[in-house]
Amino acid sequence: MFNRLILATGVLGVVLAGPAAFAAGNECSAGNTLKSDRLTIATGNPAYPPWVMNDAPESGEGYEAAVAYAVAQRMGYPAESVDWVRTSFDEAIQPGAKNFDFNLQQYSIKPERLEVVDFSIPYYTTTMAVVVRDGSAASGTDVTASALKKLKFGAAAGTSSQPFLADVLQPEQDMLLYDDNADVVAAIGANQIDAIVFDLPSALFVAAVQLDGGKVLGQFPVENNVSPDNFGLLMGKGSALKPCVDAAIESLAADGTLAEIESTWLSQATGAPVIDMSK
Amino acid sequence: MSLTARQRFERRERLRGIAIGTTSLVLVVAAIYWLVPLAPGWEAVQRSFFNWPILVKTFPKLLDAFLVDVMIFAWSLPLILVLSLAIALCRNTRNPALLPLRVFGAFYTDIFRGIPTILLVYLIGFGIPGLGLSRPWNSPYIWGTVALVLTYSAYVAEVLRSGIESVHSSQSAAARSLGLSEADSMRYVILPQAIRRQVPAMMNFVIALQKDVALLSFVGPIELLRQANVFKSLMANFTPYVGAAIIFLCVTVPATRYADYLLARQRAVRS
Amino acid sequence: MENPKLRLSGVTLRFGDLTVCDGIDLQVASGELICLIGASGSGKSTLLRCINLLEPIDDGQIWLDDLEISVPGLDPNPVRRRIGIVFQSFNLFPHMTVMDNITLAPRRVLSQQPDETAQAAMALLSRFGLADKAAEYPDRLSGGQQQRVAIVRALAMQPEIMLLDEITSALDPELVGEVLDVVRQLKVQGMTIILATHEMSFAREVADRVCFLDAGKILETAPPDVIFERPSNPRTQQFLARVVRTNG
Numbered sequence: 000m001f002n003r004l005i006l007a008t009g010v011l012g013v014v015l016a017g018p019a020a021f022a023a024g025n026e027c028s029a030g031n032t033l034k035s036d037r038l039t040i041a042t043g044n045p046a047y048p049p050w051v052m053n054d055a056p057e058s059g060e061g062y063e064a065a066v067a068y069a070v071a072q073r074m075g076y077p078a079e080s081v082d083w084v085r086t087s088f089d090e091a092i093q094p095g096a097k098n099f100d101f102n103l104q105q106y107s108i109k110p111e112r113l114e115v116v117d118f119s120i121p122y123y124t125t126t127m128a129v130v131v132r133d134g135s136a137a138s139g140t141d142v143t144a145s146a147l148k149k150l151k152f153g154a155a156a157g158t159s160s161q162p163f164l165a166d167v168l169q170p171e172q173d174m175l176l177y178d179d180n181a182d183v184v185a186a187i188g189a190n191q192i193d194a195i196v197f198d199l200p201s202a203l204f205v206a207a208v209q210l211d212g213g214k215v216l217g218q219f220p221v222e223n224n225v226s227p228d229n230f231g232l233l234m235g236k237g238s239a240l241k242p243c244v245d246a247a248i249e250s251l252a253a254d255g256t257l258a259e260i261e262s263t264w265l266s267q268a269t270g271a272p273v274i275d276m277s278k
Numbered sequence: 000m001s002l003t004a005r006q007r008f009e010r011r012e013r014l015r016g017i018a019i020g021t022t023s024l025v026l027v028v029a030a031i032y033w034l035v036p037l038a039p040g041w042e043a044v045q046r047s048f049f050n051w052p053i054l055v056k057t058f059p060k061l062l063d064a065f066l067v068d069v070m071i072f073a074w075s076l077p078l079i080l081v082l083s084l085a086i087a088l089c090r091n092t093r094n095p096a097l098l099p100l101r102v103f104g105a106f107y108t109d110i111f112r113g114i115p116t117i118l119l120v121y122l123i124g125f126g127i128p129g130l131g132l133s134r135p136w137n138s139p140y141i142w143g144t145v146a147l148v149l150t151y152s153a154y155v156a157e158v159l160r161s162g163i164e165s166v167h168s169s170q171s172a173a174a175r176s177l178g179l180s181e182a183d184s185m186r187y188v189i190l191p192q193a194i195r196r197q198v199p200a201m202m203n204f205v206i207a208l209q210k211d212v213a214l215l216s217f218v219g220p221i222e223l224l225r226q227a228n229v230f231k232s233l234m235a236n237f238t239p240y241v242g243a244a245i246i247f248l249c250v251t252v253p254a255t256r257y258a259d260y261l262l263a264r265q266r267a268v269r270s
Numbered sequence: 000m001e002n003p004k005l006r007l008s009g010v011t012l013r014f015g016d017l018t019v020c021d022g023i024d025l026q027v028a029s030g031e032l033i034c035l036i037g038a039s040g041s042g043k044s045t046l047l048r049c050i051n052l053l054e055p056i057d058d059g060q061i062w063l064d065d066l067e068i069s070v071p072g073l074d075p076n077p078v079r080r081r082i083g084i085v086f087q088s089f090n091l092f093p094h095m096t097v098m099d100n101i102t103l104a105p106r107r108v109l110s111q112q113p114d115e116t117a118q119a120a121m122a123l124l125s126r127f128g129l130a131d132k133a134a135e136y137p138d139r140l141s142g143g144q145q146q147r148v149a150i151v152r153a154l155a156m157q158p159e160i161m162l163l164d165e166i167t168s169a170l171d172p173e174l175v176g177e178v179l180d181v182v183r184q185l186k187v188q189g190m191t192i193i194l195a196t197h198e199m200s201f202a203r204e205v206a207d208r209v210c211f212l213d214a215g216k217i218l219e220t221a222p223p224d225v226i227f228e229r230p231s232n233p234r235t236q237q238f239l240a241r242v243v244r245t246n247g
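Chains as they are written, first to last, in numbering that gives the first Met the number 0: chain E, 0 to 278; chain W, 0 to 270; chain S, 0 to 247.
Bound conformation, chain E alone (with noise of 0.2 Å):
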């Protein structure tokens, strides 16, 4: 109700009176900006899809430039207020003054991270996802888990890919376990595997760019996932914004819209269909 309340207000502010109406809107993060009235949100440098389409965060296109505008649109900044700056990765996890409000480019919420800077509460859960060749005769498997479970797997040693396939999933055949990704990547390149495990975030890495004509089968509800990373979006330690940016997040869960737009951008779009594990 409240957080309704606050994107009508937001909207109606637009709509009616300017930017002069903004105070009604932004009140929570009022003064805590980089800037007065606009909120500044920094990305990666490129930025990847499907998180940001064609490197044009402005665009709101892509799963985190959408997120990242939903976001502003729930503590009062319409897409006229928001500016984007872009970072590297490692350089905003530093400790120390920050030149945007808050940053988003897949960082896992981490406890050492946390000790030097501030995450919101999750806004992506990662799923675990099945990447095989285009045209191989795993590619046109049905999504379902007991059409998955006659693959072969092979996934990297270590990761969250190996308990998800022995506990999980549980294939009819052995798996197969590697080094690292590149080695899985060999293994099904040789066709001794038939299928990959990986994050959602590694699989769509991996079948764009590590993989000849890799492809996401698709992806496994979250509510199986065994040790699913979280995605915050990254603060400066101690951010006032924290609440308000926080609270936005809430309001974009409770009503779907984060739902929305993960299927928009992390699913249709990539092509990578939500697993039915019913059959």
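Wrong hints could be hidden among the right ones.
Calculated pairs, SDA-like style, for lysine to any residue (alpha carbon to alpha carbon, straight line, at most 25 Å) [unchecked claim]:
no.: 1; chain 1: W; residue 1: Lys60; chain 2: E; residue 2: Asn224
no.: 2; chain 1: W; residue 1: Lys231; chain 2: W; residue 2: Arg46
no.: 3; chain 1: W; residue 1: Lys231; chain 2: E; residue 2: Asn224
no.: 4; chain 1: E; residue 1: Lys151; chain 2: W; residue 2: Arg134
FYI, nobody ran anything at the bench for these hints, they're computed from the structure. Just so you know, these numbers come straight off a predicted model, no measurement behind them.
Start from chain E and add chains W and S according to the hints.
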């Protein structure tokens, strides 16, 4: 039974030796037992390397995984023996028509002794299946084994060759003078003696092979080392590696002792 | 000589600059026992190895009956079956029992049945007093026994000629007799034998003819009483004088 003065003296000396040896051994073990835990990091080390509950929990699955090592070992060893024998015989031919074989044998031993085993496991384990073989012929078990067999055959072939050369030429003269063909004198007269002489040296490679089968884990199979590696990641604890080491030791220590025994016996026979 | 069993004509063998056999002519009749005497390095052993084709000769011819066996490229194995040789150092196969030492070549080369070969081997062992050693390994035998086994091993191939290369030289003196007994038996049975030896008294006793070799040449060939009583060549005289003195 009465002993001579000399026997009494020798017995006293022997008992004294045993007493000194036992005492010093007990002192050293006790020192390790009491002193090591005094180190400031001992508790942390104990938790992550010598964690009894984790060992108990993981050991049965480690043993299961060790069966994979045993299997790989069991089929690799005969292949290595056959191939190394062939290579050794190639290197030993004196017939000029067979010069290509000799050159091949020399090349083979040079190349496969010169490449680290792990590299060969990668190259062959991923490379040959990558040429487009279909299952099951692209199995990492097959090509990983091929890599092991190639490397080890090169070493064992050299051992066999020096064994063949160590059999005195008079033995081959005796065989030939009886009208035995070159092949027969090699098979019945030279080789049995050469192999018998080189068994202790070959045992060292057998022991090394017992450990190197774990290299196949790099191309996929979940054997002992990989299983320990998985447990380590899951539990953030190194105890499974210690468990794996214990299992390897249970096999390699008796094998090493046996090899030493063979070597000692051979020295006794020769002297 | 009519139809000699073995005929050597101008046999020459060089090792680099060294001529170890220098134009050797020799005819051996069937059933004859020839003794080769001469100093160490005079070419006795090498000559035997040439006859057995263990050393390919550089010049000359060797005939076995009507077959020239010195033709280059001739398969030596059929020839070796017909010519047995026994070495100074026995050269038994140490990893085989006495029985296996003897039966290996008959089984592999003559393709005899195993039981037939074993029976023949046992008969030979019994004949030379070695029947109880059939299952032993060579290192369990005395030198004399080993050398007798080596002779039996050669005989098992039913050779037409036996070449005996200083077969008593490696033996302790008390073991020499038993081996020489074997040679006596062989002669009685009519075997054609060429024996390189330092045992002068034995040569004198059993030889039909004695050849004296010096520097790769046969300097003198004669019946033993002639060689030992009235050697015509001064070098033979010198050699015998020295040997008789050292032998006491």
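Worksheet item: Which numbered hints are broken by the structure, listed smallest first?
Response: Result: no hint breaks.
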